[in-house]
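**Student:** In order, the protein sequence lines correspond to chains A and B.
Residue numbering for the first sequence follows numbering that gives the first Met the number 0, starting at 0 and increasing by one per position.
Residue numbering for the second sequence follows numbering that gives the first Met the number 0, starting at 0 and increasing by one per position.
In case anyone wonders, no lab produced these hints; they're calculated from the structure.
No experiment lies behind these values; they were computed from the predicted model shown.
Treat the hints loosely; a few may be bogus.
[To be verified] Calculated lysine-lysine pairs in the DSSO-like style (CA-CA distance at most 30 Å, straight line):
1) A:Lys224 - A:Lys157
2) B:Lys76 - A:Lys231
3) B:Lys76 - A:Lys157
4) A:Lys97 - A:Lys563
5) A:Lys563 - A:Lys320
6) A:Lys174 - A:Lys224
[To be verified] Chain B stretches covered by chain A per the calculated footprint, using a threshold of three residues with CB under 8 Å from any CB of chain A:
7) 101 to 114
8) 166 to 180
[To be verified] Here chain A is said to cover these stretches of chain B; the calculated rule only asks that three of the stretch's residues, wherever they fall, bring their Cβ under 8 Å from a Cβ of chain A:
9) 5 to 17
10) 279 to 292
Quick reminder that beta carbons are idealized off the backbone N, C-alpha and C, glycines included.
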Amino acid sequence: MRRKTALAGAATAALVLVLSACGGGGGTQQPADSSSGGAAQPAFNAGLNEVYNPSTKKGGTLKAAHSADWDSLDPGDTYYGYSFNFGRLYWRTLTMYKPGPGPEGNTVIPDLAEGLGEPSDGGKTWTYKLKSGLKFEDGTEITAKDVAYAVGRSWDKKTFPHGPSYLNELLDWPKDFKGVYEDPDADYSSAVEATDDSTVVFHLKEPFASMDYVVQMPMTAPVPKDKDTGAKYKEKVVSSGPYKFETNEIGKGFTLVRNDQWDPATDPNRPALPDRIEVQVNVNADDLDNQLIAGDIQLDIVGTGLQAAALGKVLPDPALKARTDNPTIPRLWYVSVIPDTPPLDNVECRKAVMWAADRVANQTAYGGELAGGEIATNVLPPPIVGQEKFDLYATPGNKGDVNKAKQALAACGQPNGFSTTMTYRSDRPREKALAEAMEQALAKVGIKLTLKGFPGSSYFSDYAGNVNYVKKNGIGLAAHGWGSDWPDGYGFMQAIVDSRTIRDAGNYNLSVKNDEVDKLIDQASAELDDAARAKLWVDVDKKVMEDASILPVVWAKSLLMRGKGLTNVAYNEGQSMFDYILLGVE
Amino acid sequence: MFTYIIKRVIGAFAMLIVISMVTFGIFYVVPQWAGASPEAMASRYVGRAATPETVHLVAERLGFNDPVIVQYGRFVKGLVAGAEYDYGAGVEQCPAPCFGYSFISGQPVWPDLLDRLPVTFSLAIGAAVLWVVGGVSVGVISALRRGSFFDRLSMGTALAGVSLPIFFTGMISLVVFSYALGWTPPGGAYTDFSVNPAQWAYSLLLPWITLAFLFAATYARLTRAGMLETMGEDYIRTARAKGLHEREVVVKHGLRAALTPILTLFGIDFGLLIGGAILTETTYTLPGLGQFAILAIRNQDMPQVMGVVLVAAMFVVVASLIVDLLYAVVDPRVRLS
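Isolated chain B, as found in the complex (with noise of 0.2 Å):
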């Protein structure tokens, strides 16, 4: 077992430095490829009507003029060793891991990633109880009454949930629960954990609710197909036969073998939503990684973009290797090795 994980964390730190040299030679290598001076790459970075002298000093102060290699080694010294920042005033120490500062604000990249962390996991877990507890219920009660008026209004519903992007059922479910109704909070109105748990709670319902609808769906479906196969295996006919009560043979002989692709899902869902749920936080201004993901795109603010990157990646990479280690719990047939 402690072999397996070793391996994994090793192919998980070599997969992270893959995807920053991608990331990197995106913004970086492309631009250049298609023609664009360090000085052009520098004008996004400068108020409008700037003088060329403007422009050339801050490509000087980015670092554009050097060669592509030097840039992305001065990004990995300051991920491993720290690096330093001129602010004008004086120079200012970043610790390792250091992501650069916004090329735009002049922020730190990390501490403004770990400030946003709370948000997209507070958005993440209750959004995910929500939609494992309502997704594998219905699936499992669609699975057992199959054919059923619930089973086909759940599946329908389900398709629905699958079909209508975020940002639509987000939006409407703001114009018509916190503008026409006034039941719930306006977009933007997080409140931290810390400060009042309960207006915590209120200030993410909606967007729990619209992102489980979303969710739920998928791991209906899921839950249902995987449902009605388990229940036709023989060894559940042996269970019954053994006299087993029903509860016990649905619960822990089928949908504990149905579990095993919804923990997959779960596992890659949660992970992608930890680096960022980037339409749900942006629809309801959730100043989360999502939103932070996509600002840092939309102003191809490089150290940003890297930094959400890596840091979205990483929680991936974790949450499969979670998965993976819990499969030997679910599924007593599997052995890591």
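Isolated chain A (complex conformation) (with noise of 0.2 Å):
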């Protein structure tokens, strides 16, 4: 006990040590007494490059609200920025974000692991040793075969359907194999081994890069075999992190917490400062920034920022912007040029969608710089490992370049512009915004488009996404947004640029179809060299460019509000949100 209480108080003395360290590079004050926080100045940003409240001060209860339903506690049916982020509250994996602000936040860094993975054939098989001491809330050890467990589990998507899909396409699964429920006793160690207590081995079909990002989702969080309930685990996990439930009522809320059997030694990462968090769910979008701002609550846990309604009362309110930090995030707003409906087919026509295109509108469209984002000149957002930023379109003020874009339409044999049919979201406004900015700047070079909204349920599923209806009524652009699933080129581009990926219908690569690009991206999966990587998925951005089959909008901004009381606030990269395993309350 003596030990572990010493340890904790080491681990605790790090963490300090590292709120510290991130804290000392900005302009922001840091306050004098670190201990309890509350002493800090809001500032506008205060949040992004350091910590802002900094303190070690544990207890109290976290407020948090989130303005739909949770798509599932479970951590193998789950796939939301927020849901990674949060359950890292009641889950661990076996590496994590780096937690705090700047861009380290991006790097990976071991969790339950000793270290990160050590690949091996050429980076086909990815080896990681697990920690010792760890234990699930009931105080049983968490070894390999819980995290071995746990992805074969996530392999099912028929009683997981919600979940990523990586392992199961990654992983070199037996081919009749059915899952663990429909067959308990399947041998699925070609694709994930426990070797020992504390070895887990990944067999991969292809060498692969970047399976350190891959393994901090949730897939890897361990299950323990006899506590498994398939689909109705969400509602009772069984926690490996600092916190568990103590209540969960499925469209409603639950309560976290302490986990008395979470040893802060095997996790110098997670400070756990308060007693209890709070969450309530599907709770109004308006209000919930209303008492955000009041104080009634500290935390939206959706972490894509304020309501547009908000946007009007906080920005021009000193007092409340200085409580505000505005990131770019990890997510392109694009429309995606296809190249299925003539005479789009031709890269000319293509091209002369480009020059024609008014970026600041566009910009405009989306809510100016602060509350939609940066202009876009190049697919990859900034906070991408190795991005570079290129410009293949660039034209005077971003207004687009009507001469330009007549070249390209004479050289595509339709000197006189053409028509084509542009779709949005009807239930995003500023979608709406985009297709009408479109329009009117198409139209200078003749370009005539058709705009058609459609239900955002349904925009993938039915329409924009959906193959023959796309051939069928000649939808020429399509409004798209895409965030990363992990900082790195192949966890942001892969799903919207690999044409391997195109089924019927559902499709989130609606328009990149190009040989030279999937080749490109077999190349960038395998390199183990971390540069050279990120060299190549630059690579495949200026392929997708030249291809001119993506127009790119904005890189994104969000407008976070750090809720009254909130100690310990930082925006993390890797998260595209506030780092909740930091947070505490004064």
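These two chains come separately, so use the hints to put the complex back together.
**Tutor:** What follows is the structure in structure tokens.
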């Protein structure tokens, strides 16, 4: 017990040092007393590059709210950034993003594992060694078998349809594998195995370099086989992190309390400051912002920023604006320029769209620089590791170039322009505004757009992402947006530029169908050298822009409000929102 | 009377079947007319960037590959005889009436509906008391003091009440009374009656008043119009000539006759509210049937939509039946047959 306490103290001291180091580089004043928080002066962007209001004070209740419902609290069945971020309060994975602010938040560090993965066989095998002293909330030891089992169960997409499919696709699963529920005795060691109590080995079909990023996803959070209840596990998740569930009413909310079996000596990254975390879901989004502003709640879990109604209130008010951070997040809003629809099957016609677009008007449609984002000139957003900014279609003042657009149209054999249809999600006012801005800009060169809005919930399944619908209805342009699953080239781009992901319906890659892009993706995925891999992803980006099948609009920004009384607030680049495991309350 | 009730119950039952068919058709048949494949429908219920295999599995699991009539038959069978739910690690029995399991959360629909019913009841009953008492009283006084300052003020306020949408009055009242003045709790602060009755009333105070403001306006105007008409009738003059006290003339002879259309309206309004006060519950984040309905529709969660539509329809039908029965009590000229 004494050892545990001493280790806990050491871990806390280490964390304070980490937080202090993180907070040392910026210009915002740090509080004199970092043990209790509360002395920090609010300032715009104070949480971007340093920890705002650092504190080691434990206790209190963190009140959080969510404007919709969780997809699932089950680590094997969830696929939202907020869930990956928040879930680390009750689960631990093999690796994790480095907590805290600044660019280092994009790097992965060990969590359950002692170190990062050790690749072998040219990147086809990855081995992770677990720390000792890891326990579930019921006191049973966490072993490599629990991690391998968690990965094995997450394969079953009939039971867990929401979670990411990366490990389904990357690992070498047995051909006749039916999942751990249909065939409890199945041997899936060809994909993942526990070679002993502390060693997890992943076997991949092809070399893959970003494995450390993939295993920070919650599919590697350990699940005890004897407590697994399949699709009902989300009702009672067994914790491996610093908090466990006290209550859980699906569709209404839940409460987390301390997990006394979590040993801080094994976890120097989670300060676990609040005693209790209360979460309410399905809260009216506008009212949630009002509660955040007033101090009735301290955290908006979704972490995508304030709603339009609150922006109008916060941005003009210096006191409220000082409580916000405005990061550029790894998300691109863009227009898919679909090569299936003539005459856009001719690259010169697609380039005409690139030249004719008024980027400033498009940015304005998205809410301007603070609420919308920075004008994007290429696909990869700035927070992606190794990103390079380039511009193949630079125009004066970013307002479009009619002459170059007309030259491209002439080269395409459509000197007088052409007609096509642009889709957008009708429940997203910014996409509608974007479509209208595109309509006006393209009309100047003779490209006539017919605008069609569709419900967001069926946009990809029935309309813009449905191959038959696009072909039958001559959809040439489609408003789109994408955020990264992890901050490297693969994590951001693979799903939207790899032509081999395209299927009949539910597509997210609407327009990039280029063999050279696919080859470069394969090359980049297998490259183990970090710098060389990042360079290859920039090459993919350039190839897509040369193909003119994506018209970048803005690299998105969010306006995040720091809740009243929150301590240890820092924007984490890996999470693209505040780092939830650091938070405390005054 | 008994035959009348039986006839109405059979009629209501037939109507619920038609409603269920129409709702089912909107969700399953209309997308197919628009060319949606079973996989396209299933891709609404998977995570982003799901593989074709995942989408196909989900389409199979949700039964989208079966003919619509088979899917509808399965739904009806679940209502009548219950159903089974495979949750991977085992199979769960869903007893009748089984409305199925949410396509999104995997939770059984019927217990969720029952769980949310008390919230909606609480909201509807409190608001109904306020709007009936307030609306009818104001309407009566306005009618008796026609053209007075009170009449003009109350009817002007009533017009505002009818005109302003609840998501506007609700948000404004939250900002003013909850966040600026701190008199009322913030949104989402609902406390169950069984936990703390005082806190229950406190947590619903603002939603009650907001909702009652909307409805009271209509009732005040309707009562006023009814009373003005009734108070000009010959039998009112006769009652006064007989020397009855004015209060008795107004309440027993005037208001009673004016109440008939109000009772009709109240029955439908109350039934609709029990089916879900969508805007009020959404604005105030009350976990009732209204919030359930809007989330179900937003998520295109078919079993939840079916459940809430049928429950809401049932309440409207029951409320209108009760109203019809009460007609005979309120107005002696009405005879049920």
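**Student:** Confirm or reject each hint.
**Tutor:** Consistency of the hints with the structure:
1. A:Lys224 - A:Lys157: Holds - the C-alpha atoms of Lys157 of chain A and Lys224 of chain A are around 18 Å apart, at most 30 Å.
2. B:Lys76 - A:Lys231: 24 Å, holds
3. B:Lys76 - A:Lys157: 23 Å, holds
4. A:Lys97 - A:Lys563: 25 Å, holds
5. A:Lys563 - A:Lys320: 13 Å, holds
6. A:Lys174 - A:Lys224: It holds: about 23 Å lies between the C-alpha atoms, which stays within 30 Å.
7. 101 to 114: The restraint on the region 101 to 114 of chain B holds, since 5 of its residues have a Cβ under 8 Å from chain A and three suffice.
8. 166 to 180: holds (count 5)
9. 5 to 17: violated (count 0)
10. 279 to 292: That given contact holds, which follows from 7 residues of the region 279 to 292 of chain B lying within Cβ reach (below 8 Å) of chain A.
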